[in-house]
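Peer 1: The primary structure of each chain is shown beneath.
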Amino acid sequence: MKMIRRTVLLLAAVLIWAVPPSGVSAASIQEVRSPGGITAWLVQERSIPMLAVEIRFRGGASLDPAGKEGLANLLSGLLDEGAGDLDSQTFQGRLEDLAISLSYNAGRDGFSGSMRTLTEHTDAAFHLMRLSLTEPRFDQEPVERIRSQVITGIRSREQNPDTIVGRTLFEKLYPNHPYGRPSRGTSKSVTTITVDDLRAFVDRRFAKGNLIVGVVGDISAERLSGLLDQAFGSLPEAAENSVSVANVVPVAAGGIEVIRRPIPQSVLMWAMPGIKRNDPDYFAAVLMNYVLGGGSFTSRLYAEVREKRGLAYSVYSAVVPYEHSGIVLGGVGTQNGQLAESLSLIQTEITKVAREGITAEELEAAKAYTTGAFPLSLTSNARIAGMLVTLQVLDLGIDYLERRAGLINQVTLDDVRVVAARLLDVDAMSVVVVGDPEGVETTP
Amino acid sequence: MLYPNRRWNRLTKRALGLLLAGFVVLALACGPADAGLFDPKSFDLDNGLQVVLIEDHRAPVVTQMIWYRAGSADEPLGKSGVAHFLEHLMFKGTRDVPMGEFSETVTQNGGRENAFTSYDYTGYFQTVAADLLETIMRLEADRMTNLTLTEEQVVAERKVILEERSSRVDSTPTGLFFEQMNAAQYLTYPYRIPVIGWESEIRTLSLEDALEWYRTHYTPNNAILIVAGNVTLDVLRPLAEKYYGVIPQRAQPVRGRPHEPPQLAARRLEMFHRQVTQDTWRRSYLAPSYQWGERRHALPLQLLAQVLGGRSTSRLYRDMVIDDQVAVRASAFYSATDVGPSQFFLFAVPRGDTTLDVIETRMDSVIAEVLENGITQEELDRTKGFLLAQAVYARDNVQGAARMFGEALTNGRTIEDVESWPDRMKAVTLDEVNAAARYVFDKSRSVTGILRARQPS
Numbered sequence: 341m342k343m344i345r346r347t348v349l350l351l352a353a354v355l356i357w358a359v360p361p362s363g364v365s366a367a368s369i370q371e372v373r374s375p376g377g378i379t380a381w382l383v384q385e386r387s388i389p390m391l392a393v394e395i396r397f398r399g400g401a402s403l404d405p406a407g408k409e410g411l412a413n414l415l416s417g418l419l420d421e422g423a424g425d426l427d428s429q430t431f432q433g434r435l436e437d438l439a440i441s442l443s444y445n446a447g448r449d450g451f452s453g454s455m456r457t458l459t460e461h462t463d464a465a466f467h468l469m470r471l472s473l474t475e476p477r478f479d480q481e482p483v484e485r486i487r488s489q490v491i492t493g494i495r496s497r498e499q500n501p502d503t504i505v506g507r508t509l510f511e512k513l514y515p516n517h518p519y520g521r522p523s524r525g526t527s528k529s530v531t532t533i534t535v536d537d538l539r540a541f542v543d544r545r546f547a548k549g550n551l552i553v554g555v556v557g558d559i560s561a562e563r564l565s566g567l568l569d570q571a572f573g574s575l576p577e578a579a580e581n582s583v584s585v586a587n588v589v590p591v592a593a594g595g596i597e598v599i600r601r602p603i604p605q606s607v608l609m610w611a612m613p614g615i616k617r618n619d620p621d622y623f624a625a626v627l628m629n630y631v632l633g634g635g636s637f638t639s640r641l642y643a644e645v646r647e648k649r650g651l652a653y654s655v656y657s658a659v660v661p662y663e664h665s666g667i668v669l670g671g672v673g674t675q676n677g678q679l680a681e682s683l684s685l686i687q688t689e690i691t692k693v694a695r696e697g698i699t700a701e702e703l704e705a706a707k708a709y710t711t712g713a714f715p716l717s718l719t720s721n722a723r724i725a726g727m728l729v730t731l732q733v734l735d736l737g738i739d740y741l742e743r744r745a746g747l748i749n750q751v752t753l754d755d756v757r758v759v760a761a762r763l764l765d766v767d768a769m770s771v772v773v774v775g776d777p778e779g780v781e782t783t784p
Numbered sequence: 006m007l008y009p010n011r012r013w014n015r016l017t018k019r020a021l022g023l024l025l026a027g028f029v030v031l032a033l034a035c036g037p038a039d040a041g042l043f044d045p046k047s048f049d050l051d052n053g054l055q056v057v058l059i060e061d062h063r064a065p066v067v068t069q070m071i072w073y074r075a076g077s078a079d080e081p082l083g084k085s086g087v088a089h090f091l092e093h094l095m096f097k098g099t100r101d102v103p104m105g106e107f108s109e110t111v112t113q114n115g116g117r118e119n120a121f122t123s124y125d126y127t128g129y130f131q132t133v134a135a136d137l138l139e140t141i142m143r144l145e146a147d148r149m150t151n152l153t154l155t156e157e158q159v160v161a162e163r164k165v166i167l168e169e170r171s172s173r174v175d176s177t178p179t180g181l182f183f184e185q186m187n188a189a190q191y192l193t194y195p196y197r198i199p200v201i202g203w204e205s206e207i208r209t210l211s212l213e214d215a216l217e218w219y220r221t222h223y224t225p226n227n228a229i230l231i232v233a234g235n236v237t238l239d240v241l242r243p244l245a246e247k248y249y250g251v252i253p254q255r256a257q258p259v260r261g262r263p264h265e266p267p268q269l270a271a272r273r274l275e276m277f278h279r280q281v282t283q284d285t286w287r288r289s290y291l292a293p294s295y296q297w298g299e300r301r302h303a304l305p306l307q308l309l310a311q312v313l314g315g316r317s318t319s320r321l322y323r324d325m326v327i328d329d330q331v332a333v334r335a336s337a338f339y340s341a342t343d344v345g346p347s348q349f350f351l352f353a354v355p356r357g358d359t360t361l362d363v364i365e366t367r368m369d370s371v372i373a374e375v376l377e378n379g380i381t382q383e384e385l386d387r388t389k390g391f392l393l394a395q396a397v398y399a400r401d402n403v404q405g406a407a408r409m410f411g412e413a414l415t416n417g418r419t420i421e422d423v424e425s426w427p428d429r430m431k432a433v434t435l436d437e438v439n440a441a442a443r444y445v446f447d448k449s450r451s452v453t454g455i456l457r458a459r460q461p462s
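Residue numbers (our numbering), protein chains in the order written: chain A, 341 to 784; chain B, 6 to 462.
Read the hints as simulated data drawn from the structure, not as lab findings.
Since we're looking at a predicted model, the values are computed, not measured.
Certain hints may be false.
The following label-pair restraints were derived from C-beta to C-beta distances [said to hold, decoys possible]:
#, chain 1, residue 1, chain 2, residue 2, range
1, A, D463, B, E383, 22 to 28 Å
2, A, V589, B, D175, 35 to 41 Å
3, B, D358, A, Q370, 54 to 60 Å
4, A, G433, B, E217, 53 to 59 Å
5, A, K692, B, W203, 37 to 43 Å
6, B, T237, A, K616, 42 to 48 Å
7, B, T419, A, E562, 44 to 50 Å
8, B, E383, A, A540, 36 to 42 Å
From the three backbone atoms N, C-alpha and C, an ideal C-beta is built for every residue, glycine too.
Here chain A stands alone, though its shape is the one from the complex (with noise of 0.2 Å):
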């Protein structure tokens, strides 16, 4: 129940954490080249007779026209809805009696595709697959439909309290930018989209020259090649953006906003300018983070908030670097009561990383932590897949699973120091609470 809060974080944990695979080598990545000129990345698992296939166009919902926030949202929920002669219950039940699963997530940088299928259904699937890129129906009813389920979404979400400090916390760190604005829009924003914005969406933003594709499972190079000619050969060549996004350093003006609810325990969000992730120093940081909140069970927060004191159940940091920006936060929840402790125990940790780095021991943890957990990570095809989409958006290059261990295990204590001076300042420290804390209140 509690993932599924903060919305933000998720694509940014996919980043950091949900690492790739393990019975693949770089060795065993294919680049796949159809005669339309579309690219993939394979790895072919032949023992079960299922194949997962996983898609991303570059730019997300930080695209969406001011006024229309929530339009990439909105249509991943509605290109599964009715497509080609299809109408929505007529496509769901086809989907369903093939047994393939097939669904789309727009997020703040990308826009992805998932899909699923037995073998002995991979043409059906990729008909339908581009069925619901090329042809989607937008019909009333189901647009309808679906927009108020993302309303009454929004709706329910407005008074939760990790709702609330996630979205004050990025209006804050990017007063004026998209990364600023919720990605699922706001009720107002939802009402105003119009089936013209869909297909304006799917006619501009659907293009081979943005489009990235992972495939694992039980198909031959050969197959596939033709299959994706198929499913995605129509596309234009290019995406055309009416919005650009701009890079962004976000705000460091420091500072605590109270926001006061009658609830007994507050819940704490902090951030600060981060790093993106083709920074030099993205693995120092990772490295460093692992130490001060990111090793589930034994990182310095967990240890002094959690295993000392037993202020928290929950708390954490995490380095999450967007396209256009990048970001250091964390997290608490406790009681009221305690909460001034528990930020005062988080500052000190902060601060001390900053001035002394981390010790030599904690980096030869974190380092294998970090080059182990990535292998342990890629147990299934779908992961498999996710993790060779991330590859090429990240444009990391197909040897990368050989060289990820070396990148990191090069990383030296000084890199971390530097990199802990670089991005860790409680005086840039923006912090949000929601609750009734007591001896915390709101900086001029």
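Once you have looked at the hints, place chain B on chain A.
Peer 2: Below, chain B without anything else, positioned relative to chain A:
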């Protein structure tokens, strides 16, 4: 939160949460796996520990899970939450292994671990590189019998659990309301008590309470070890004997679950909460499970739940969300795996200005239609086909399979029960599903719950 929260974890993390969410969907959709799909191997140690191996050699990864037949429904009166409390305390170290060393061993190699507590069981797992299997078996066996606790650790961890309760129950109206619904559904059966415990009782849990629970329930003859991944029986058996086989067995704890008296009157709860911004409607019917009551209805009820409310082609969604447009969500849910009396849930969220009265009337008419005319053969066939395909997909997730077998065996079913599920599911007839529907949809055994935005003036 759509349905009651039955599992509590030592740590809830976003990534993990997704994993578990995925599992729940799988277990629900697919129930157990296809015959011969996993083909698990099993043997018993002399001290009564059952060991199960599920092989998957696609990746050099292995998962160890230990399941104890001890959940919150086994707790002594007044000690609610002690099963979950001990689950947290199991990470505090042993005579020979100081606090933190087990976790560090797992994470230093990139592995992950967690633990969970439910009504009927408590479990612990690690997923690591296959060459680390022996190490984690040694450590898990060690804490089955050598746990040490200090007063200081107990006091701090009790605070952690109160924070967990705060964030996962007390700060969420749906969490609070489900506790009230369950307390209303069960007359004496301990499912009426939340897994995490009532706050007032959590506050009184002591070091001695935790150790008493540990001594009573944590014995090899009350546990099941599941190992899944890149390992063979030849490797596993000697390791199991070496580390787990030497643990002496204690008396087998007796599972003294009370007899649930018949519910004769429909109950109705209405809660107003300031944090609620969207009214919702739900109902639960007391239902049999694989292990309790009229068991023959359990499997047909799994199919019925899918036909009525599993997906967007299901009957409730079609009738209420698409055709009548009175709801944005309408679904059904049923779990057959509980040791005791289960529940069949209906849930709906109204659309726009639709009132909950309209929702309830419409829901009642859908149920009445099922009672009068039954579901159709087409609906049943379609659902069976869908569930069978899910069994193939289940093979893509060996950790999910480990969980399925762990839960089944801990709750008194057998490997054969799990493996034969697809065949038994295929054989269920239309008459059996309709008979199960007539059996379960008895309003006098129901609790209807209304959760509303604010007190009417």
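Peer 1: Taking the hints in turn, state whether each one holds.
Peer 2: Here is how each hint holds up against the structure:
Take D463(A) and E383(B): their Cβ atoms lie about 25 Å apart, and the range 22 to 28 Å holds. With their beta carbons about 38 Å apart, V589(A) and D175(B) fall inside the hinted range of 35 to 41 Å. Separated by about 55 Å at the C-beta atoms, D358(B) and Q370(A) satisfy the suggested range of 54 to 60 Å. The hint said 53 to 59 Å for the Cβ distance between G433(A) and E217(B), and at roughly 55 Å that hint holds.
Roughly 39 Å separates the CB atoms of K692(A) and W203(B), a value that falls within the hinted 37 to 43 Å. Checked against the given bound of 42 to 48 Å, the beta carbons of T237(B) and K616(A), roughly 45 Å apart, stay inside it. Our hint of 44 to 50 Å for T419(B) and E562(A) holds, since their Cβ atoms are close to 45 Å apart. One distance hint, 36 to 42 Å for the beta-carbon pair E383(B) and A540(A), holds here, with the actual separation near 39 Å.
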